[in-house]
Amino acid sequence: EAQVTQNPRYLITVTGKKLTVTCSQNMNHEYMSWYRQDPGLGLRQIYYSMNVEVTDKGDVPEGYKVSRKEKRNFPLILESPSPNQTSLYFCASSFKGGLAGYSYEQYFGPGTRLTVT
Amino acid sequence: SQQGEEDPQALSIQEGENATMNCSYKTSINNLQWYRQNSGRGLVHLILIRSNEREKHSGRLRVTLDTSKKSSSLLITASRAADTASYFCATDPTSGTYKYIFGTGTRLKVLA
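Protein chains in written order, with this note's numbering: chain A, 37 to 153; chain B, 960 to 1071.
Calculated from the structure, these hints are not laboratory results. Some clues are possibly wrong.
Covered by chain A, per the in silico footprint, the following chain B stretches (three or more residues, Cβ under 8 Å) [as the list claims (entries may be wrong)]:
| # | stretch |
| --- | --- |
| 1 | 983-993 |
| 2 | 999-1008 |
| 3 | 1061-1068 |
Subject to a maximum C-alpha distance of 25 Å in a straight line, what follows is the list of computed BS3-like cross-link-like pairs (lysine-lysine) [as the list claims (entries may be wrong)]:
| # | chain 1 | residue 1 | chain 2 | residue 2 |
| --- | --- | --- | --- | --- |
| 4 | A | 93 | B | 1015 |
| 5 | B | 1058 | A | 107 |
| 6 | A | 105 | B | 1058 |
| 7 | B | 1015 | B | 985 |
| 8 | B | 1015 | A | 101 |
| 9 | A | 132 | A | 101 |
| 10 | A | 54 | A | 101 |
| 11 | B | 1058 | A | 93 |
The model shown is predicted, which means the values in this text are computed figures rather than measured ones. Ideal Cβ placement from N, Cα and C applies to all residues, glycine included.
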């Protein structure tokens, strides 16, 4: 089954304790992305990756790191989490065509609800 | 940061009625997509319309795009209780980056 998986699904942690949220897709997609969703703000893009070893900042990258060492995996790292990073996080992937402007639908993971106290 | 806006923020209708929600955006785009999200779950892609298209249909969904007004609408016909969800538009700007910009969403409630 084509899917995007995220782990963990729920996480409660304390300020400053480094954590990693994993994301994996089995569709051989080039494009992967992380979003956070907060009430009233919709989804905001944190980081995205066009392919292995190619990443770039979204609109809200501060406090986050990513890496793309393999095509299927795109972990999100919070080196020193703070309470304002309490949010619902989504990983997504899509095939991104080589032609300029040719985008495809994104497939979303089930979400990770993070609470930082 | 730039962001799309959906209108209305919330909509409540009776089963069988049509639901229309609108999305406005600020920059030139390559395409616009609509997604559905059931309470707290991952988003599911509904339909994609490219900047050179004006209207697209998929089942009970009809999407229009007016690039001159930088707006799009999603029409769900003959709504069902199962359509109860939040609906988001997402744009892919022509800025040369590969960012996506999501709107704040419309919460639709279909009453049985």
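Now the hints, each set against the structure:
no.	hint	in the structure
1	983-993	holds (count 3)
2	999-1008	holds (count 7)
3	1061-1068	holds (count 4)
4	93(A) x 1015(B)	32 Å, violated
5	1058(B) x 107(A)	19 Å, holds
6	105(A) x 1058(B)	20 Å, holds
7	1015(B) x 985(B)	21 Å, holds
8	1015(B) x 101(A)	38 Å, violated
9	132(A) x 101(A)	22 Å, holds
10	54(A) x 101(A)	11 Å, holds
11	1058(B) x 93(A)	9 Å, holds
Going through the hint list in order, the structure does not satisfy hints 4 and 8.
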